[in-house]
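Position chain B relative to chain A; hints supplied.
Protein chains in written order, with our numbering: chain A, 1 to 466; chain B, 1 to 237.
Misleading hints may appear alongside valid ones.
To be verified - Taking lysine-lysine and the DSSO-like style, the derived pairs with C-alpha atoms no more than 27 Å apart in a straight line are:
no.: 1; chain 1: B; residue 1: Lys14; chain 2: A; residue 2: Lys410
no.: 2; chain 1: A; residue 1: Lys426; chain 2: B; residue 2: Lys107
no.: 3; chain 1: A; residue 1: Lys410; chain 2: B; residue 2: Lys108
no.: 4; chain 1: B; residue 1: Lys108; chain 2: A; residue 2: Lys426
Claimed, not checked - Rough simulated footprint, nothing fancy, chain A against chain B, three-plus residues with beta-carbon under 8 Å:
no.: 5; stretch: 71-80
no.: 6; stretch: 83-94
To be clear, the hints were calculated from the coordinates, so they are not data collected in a lab.
Ideal Cβ positions, reconstructed from N, Cα and C, are used throughout, including at glycine.
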Amino acid sequence: MSTPKDDIQFDYKYGFSMPEKSVYKAKKGLDESVVRMISQIKEEPAWMTEFRLKSYKIFLEKKMPTWGGDLSKIDFENIFYYLKPTDKQVNSWEDLPVEIKETYDRIGVPEAEKKFLAGVSAQYESEVVYESVNKQLDKDGVLFMDMDSGLRKYPELVKQYFGTLIPPHDNKFAALNSAVWSGGSFVYIPKGVKVSLPLQAYFRINSERFGQFERTLIIAEEGSDVHYIEGCTAPIYTTDSLHSAVVEIFVKKGARVRYTTVQNWSKNVYNLVTKRAQAEERAIMEWVDCNIGSQLTMKYPSVYLTGEGARGEVLSIAYAGEGQVQDAGAKMMHFAPNTSSRIVSKSISKQGGRTSYRGLVQVAPKAKNATVFVSCDALILDEASRSDTYPFMRIKEQDVEIQHEATVEKLGDEKLFYLMSRGLSKADAESALVLGFMEPVTREIPLEYSIELNRLIRLEMEGSVG
Amino acid sequence: MLTLKNLHVSIEDKQILNGIDFTFEKGKIYAIMGPNGSGKSTLAYSIMGHPAYQIKESSQILFNGKNITEMESNERSHEGLFLSFQSPLALSGVKVYQLLQLAMQGKKDPLQIRKQAQAIARELGISEELLGRALNEGASGGERKKMEVLQAAVLDKDFLMFDEVDTGVDVDSLKTIAEFLTKHKQDKTYVVITHYNRILHYLKPDYVLVMMKGKLVKVGDGSLAKEIEETGYTNIT
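Same shape as in the complex, but just chain A (with noise of 0.2 Å):
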C-alpha cells in the first residue's frame, strides 16, 4: 500500500478516496445549500443553477405518487445527493455482498469489468474497438460524452433542450432529478448521420459510474439513426439506494431512436425514472425496456408523437422475484394524425413478486386515422406471485384504429411436464418456457444482450442469483 504524499495522489485499486476539501464534503440530506453546492462544484452557468433551485421547490410541494409501489420508505434525509465518483466505492472487493461476487463469478463477468460495477473501480477501461469508433463519431459529428460535460462544452445546445420534454413539475422525482441531477449521457446526432453500432453508455470514455441521479438528452436532427444501449446484465451493486433519472429524447423529422436499457440493479434500490421521447413527422422512436433488477421499480417510458406519421414503440419485459415490484408500463400520446403506436409488455413473476403493467394512450382530437396496437402478457410463475394490469385509454378523436390484447398466464403444469417427459429438468423445463414468453422481446434485443439476459433469467429461474 502507498501512502498518499499529497491531496492527488491516492490508490485507485484500492478504492482509497481522495481526501476532500472541506467545501465539498458530501452531507447527507437536501437543502438548498446543497443544491447550490452541487451546481458550483460542477461550475455551471448561472441559468442551470437556478434550473436546480427552482426544481428543489417543485420537489418539496409535489406530493409523493400513492399508487405503484411502497414508496414510504424512502428517507430522503438518509441520502448523500452529491458524491465524488470515488465517494461512492465500496472500499475493496471483499467488502462486497456475497450473492453479488458469486452472481458475476457465474455470469462470468470479467474481472475489470465486476470491480467497475461493483464500484471498486471508478473506470472501466475501455477496449481499443471503443476508441476506433469514437473516432468515427468525431468524424460524423456525433456527441457522445457524459451529462456534465455536454452542459459545459456545449451549453447553449443543452440549454435549448434540457427539462423542456420533462420539466420540473412533471413529477416528484423528476423535480428531485432536476435539483440533483449528476451524469448521465449527452448525445447529439447530426442530420442524415446514422450511427451504425450501438452507442453504449457503458462504454462511454471516461464515463462515471452509473448514477443515482443521472440525466439523459439526446438529440437526433432530420433523418439521422441512432441506437443507444443503457445499463447491462450484470447486477451493479449500488448502496445507494435511490436511483432516480430523467431521460429525454427529442426525435426529429424523419429521424429514428432506438433506446434498449437492461436494468439489473441490486435488490435494495427504488429505481424511479422519468423517461419521454418526442417524435416529429415520419419519426419512429422505439424503447426496449428491460426490467429485472431493483427492490421497485416505477419506469414508464413515453413518446410524444407530434408529427405527422410518427411511429412510437414500447417493448418491455420486467421480471419481480422474491421481494421486488415492478411496475412498468408505457405512455403513448398521439398528437397528429396518422401516427401509429405500439406496445408490447411481457411480464413475469416469481417467489411473491409483482408485475404490473401500467400503461396510457391517449389519441388527441384531430389525431385522426392513428393506430394503437398494446399487447400485455403476464406469466405467473406461483400461487405466491401476482401480476396486475392497468391500462388506460382517453380516446377524443372518431377516427383511429385500437387494439387491445391481455393475457395472464399461469406457468402450466401441463407445459411442465410435456418438457420433462422430453428429458429437461425442471429448471431447464421452466426457463425454456419463460424465455419462450419473453422471446418477442429480446429478439428485439442485440445478441450479446440477449445472451447474457437470457442467461441471467436461467440464473434466476433456478433460485441462485443474488
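Just chain B now, with coordinates in the frame of chain A:
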C-alpha cells in the same frame, strides 16, 4: 421390459385405473383400445410420470427391473421412455431445435441434432419452415402429431407410447407416420393407443389390449382389433 403391478391411479380423488397388471415385452408392438374414458391416456400419463396422477402406494411400475414409480418424468425419459401426446401443445418461443438440444442433455452435438432432425422431417413431410419455428406454433393437428414422431425419432428411446397419434391426421399422413414407425422400429417397444383399426393396418400389433372402466379386460392378437372394429366393445368380456 415394462411391468405394471396392481396399478391403481386416481386424479383429484377420482379413481381411474383400478388395478392393472401387465408386462410389456421388448421389441413388441402393442395396441391399446377401449371406449372413451376407459383410462387409456391415464395409463400412458401414469407410466410417463405426470405429477397430477396419484399412484396408490401398493402399485408399482418397473422398467428393465428398476422401480420407476417414484421417478420424475425427466428421469423416466433418461431411462428410455417416450410419450407421444394426444394433443401436443404449442410452446411459444421454444424452438424445436432448442427443445431437442435441451432434451439431449449435451449427449449429441447440436449440429448433428439439426441434421438428423432435418432428415427425419423430410421423411415425415414436415416443412423446414415448421421445423425452424417455435414448437407447434401455427401448426395443424396433423403437423403436431408428425412433430411428436420426429421427437421420438431424434430422442431415440426404447419404450415408446403413442397416444392417439392417428386422430386428426389425414389418410396420407397416417400412412406416412405408420410407415415411418415401422421402418425405424428396430428393437423398440411400441404402445399404440387408438380408437380405430385404421393405423393397425399399417402398424401390425403383436398384441391388442382392451381397457374398460380402468381395467384391462382382454388381451389378444391382431385379430382382436378387427373383431372390435366389426362388433364394438359391447361384446368384449
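Now the hints, each set against the structure:
no.	hint	in the structure
1	B:Lys14 <-> A:Lys410	holds, 24 Å
2	A:Lys426 <-> B:Lys107	holds, 18 Å
3	A:Lys410 <-> B:Lys108	violated, 32 Å
4	B:Lys108 <-> A:Lys426	holds, 20 Å
5	71-80	holds (count 6)
6	83-94	holds (count 8)
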